[in-house]
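With chain S fixed as given, assemble chains L, A and U onto it according to the hints.
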Amino acid sequence: MRYARVLCAAAGLAVGLAGQPATAQSDDRTAAEFDKFREVLEEANPAELWELKGEELWRQKRGPKNASLEQCDLGLGAGVLKGAYVQLPRYFADTGKVMDAEQRIVHCMITLQGFKYEDLANRPFSRGNYTPDPVSIVTYVAAQSREMKIAVPQSHPKERETYEIGRQIFFYRAGPWDFSCASCHGADGLRIRTQNLPNFTKPGAQAARSFIGWPGYRMTGGVMHSLQWRMNDCFRQQRFPEPGYASDTIAALLTYMAVNSNGQLYRGPGIKR
Amino acid sequence: MRKAIVFAGVAAVAAGCATMQDEAAYREQAVAWMKRDFHARGMAKTDRLNQDELQRACTQYNNNPPEALVKRVEAAEMAGIKLPADGKYLGDWKRGQRIASSGRGMTWSDKPGAAGGSCYNCHQLSPQQPSFGTIGPSLRGYGKTRGYTAENRKYVYQRIYNSKAFSMCSTMPRFGHSGTLNEQQIKDVAAYLMDPASPVNQ
Amino acid sequence: MDQTRRGVLKGAGTAGALVAAFATGALRPADVLAAWNKGAFDAKTTADALKAMNIASAADSADIVIRAPDIAENGAVVPIDITSKIPGTQSISLFVEKNPFPYVGTFNVAAGAEPFVHVRVKISESSNVRAVVAAGGKYFQTVKEVKVTIGGCGG
Amino acid sequence: MGDPMKIRARLQGDVADVRVLMAHPMETGQRKDPSGKVIPAHFIKEIRAELNGKPVFDAQISQAISRNPVFAFRVKGAKAGDKLKITWEDNTGDKRSDEITVGG
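Residue numbers (the working numbering), protein chains in the order written: chain S, 23 to 295; chain L, 787 to 988; chain A, -16 to 138; chain U, 136 to 239.
No lab work stands behind these hints: they were computed from the structure.
Built from N, CA and C at the ideal position, the CB exists for glycine as well.
Hints should not be assumed to be uniformly reliable.
When the alpha-carbon atoms are kept at most 30 Å apart in a straight line, the in silico BS3-like pairs for lysine-lysine are as follows [what the hints assert, rightly or not]:
1. U/Lys167 - L/Lys897
2. L/Lys930 - S/Lys138
3. A/Lys27 - U/Lys230
4. U/Lys167 - A/Lys68
5. A/Lys34 - U/Lys218
6. A/Lys21 - U/Lys214
7. L/Lys880 - U/Lys167
8. L/Lys821 - S/Lys180
9. S/Lys119 - L/Lys880
10. U/Lys172 - A/Lys21
11. S/Lys104 - S/Lys180
12. S/Lys224 - L/Lys821
13. U/Lys218 - A/Lys68
14. L/Lys821 - L/Lys880
15. S/Lys58 - U/Lys189
16. S/Lys138 - L/Lys831
Cβ-to-Cβ under 10 Å is the rule here; a few derived chain S residues that face chain A [said to hold, decoys possible]:
17. Phe59
18. Val102
19. Leu142
20. Asn144
21. Thr242
Beta-carbon label-pair distances, calculated as ranges [to be verified]:
22. S/Pro179 - L/Met806: 15 to 25 Å
23. S/Gly99 - A/Val126: 54 to 64 Å
24. S/Lys138 - A/Asp25: 26 to 36 Å
25. U/Ser170 - S/Glu64: 31 to 41 Å
26. S/Lys58 - U/Gln165: 43 to 53 Å
27. A/Lys81 - L/Arg858: 54 to 64 Å
28. A/Ile133 - S/Gly226: 28 to 38 Å
29. S/Gly243 - A/Asn111: 23 to 33 Å
30. A/Ile133 - L/Asp872: 33 to 43 Å
31. L/Ala936 - A/Ile133: 47 to 57 Å
So here's chain S without its partners, still in its complex pose (with noise of 0.2 Å):
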């Protein structure tokens, strides 16, 4: 109660400037502390129990067809890992697409293992104690991506136009609300009550801010989660009906965020409010 005088006060300063953003020194300083504790959580992260869980299902001959996901190309050739999340989305001859990672991951347990994908879509978020498999699996994947920088191609005519429709949709203003994911995340330096809203229109660090910690553990719930959640819970927000899970339309949408964060260092599973 006596930090909230003190802070209000200084908010206090700010009346004058009605009109303006409300960036009193105290929100900064709020800012600033969030941060820190933000690396002291990062030293140790739950997500590693799920990167333990996920490396487990890589391996283990599952599904129908009994087999592991270690023949899975995740656009580096069958079963190499290491720096191909931060080269998601990609271009695959495959399926004559652009997919994410969780996309491609859902694929291989299809077209490898014979999952259906009506049962993977039908409960694809974390709650409580339960976690998808691929939520696992994309954590275990990101984890080989630690450190690495963000590349994802735009070689591919392909690439190109599904980074300039994932724009579109980012762009795309709609529904009773009438907003947009820009509507929140077109602009610098602004917050949704204390949280920091990443630009992610504005290629580099601001625009790779969301993206570097993604999959990221989620204190509210204590539960991991994937973009697709991410993406999934935005447009809810966004009072938008439902995307479909592991669909194109995220993939575009991932695509366009991703290589507005090329060469930014993909920090690995992360850990978010």
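Here is chains L, A and U on its own, set in the frame of chain S:
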């Protein structure tokens, strides 16, 4: 020099080196993908993907449509605002505070009738709530600073009802127009901003 | 309390002996955790928890350092480091005063660890956190305030 | 039985900097599921660490410890090749032990 080249490169990527025709074609493709890939859930039906004229123009012109279009659309949005029949624009600021603090309403996980304004997501309001967003301007001390006038009361009601009547491509939702908040709820939020007793004005 | 029973269990040694003890009904699994102070953990206030731990008083000490955020991003996971520089530190106990059950736990370092612990705790609302250190039969304490905010879209 | 813990021990001189991640719901017993039913308390009550079989650290904890608990502590007198074993036990009597070799 080097910086300039990098910047030009960045701009080219951001613009995607796409011409206006390309843009329109990509947008058409994007819409087709979304219509194929999205499904209805809860109250969020797929018709939400259909843009109205305002949404289409704001998307097409990157939130900066031609002047004549802005004038016409803003006038139409203004004409659609239903003012309270009793001529009173302010309700109960305490109820307004609850609405302002709630992020509920209109998502596929909300029950119909869940009415939140999500005001704190974007605006600073009461000094007692340090957790506020900065997407919109600070509204701290709103009535006190702007004056508790009849004109301002009406403006606040209208602005919450339909922000786009004043700024066509505003980020702020059209709370009345979209049916998110009803007349009484808009009055309550207006009171939160305009009642001298509201914490916003302390 | 229950020190003797704990001693007996330790003395019993093998898992087989333990199983036998359970089987005879002489012991239930919960009894193995005899050192888990139910009275303290069930207490609704820090004062009552300390009473249940037979801690009559604790002296304020600058030699205990709590490192925790002034404002926590998420009350579900608040990282807390506690370091004691008090010679002969045996244990560090932690309390979140505004939680429904303030007593979080006791970390015993006497057997072979440095007087330090890092934990992550749930804090239900803005609160003082209190660290109580046992050293040489005496108790010492320090307090730090942690604020908890609403984040995200709030819905 | 629970899922495996993730244990890391980094030597700094003769002190092992130990971090341990545990997979556990740490249910408070105060939350309700969507149908309104109380979710029963389910939490780790005790953790113990042994270095080459000798107890070095233990804790008695409550449901106020965050879900999927993380602990760090510093074990004295450790050297490369030592066996570090960590055990947790919860309020349902479930327990799990994992062991690592302290790295050089």
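Sort out which numbered hints this structure fails and list those numbers smallest first. Numbers 2, 4, 5, 6, 9, 14, 15, 18, 19, 20, 24, 26 and 31, in rising order.
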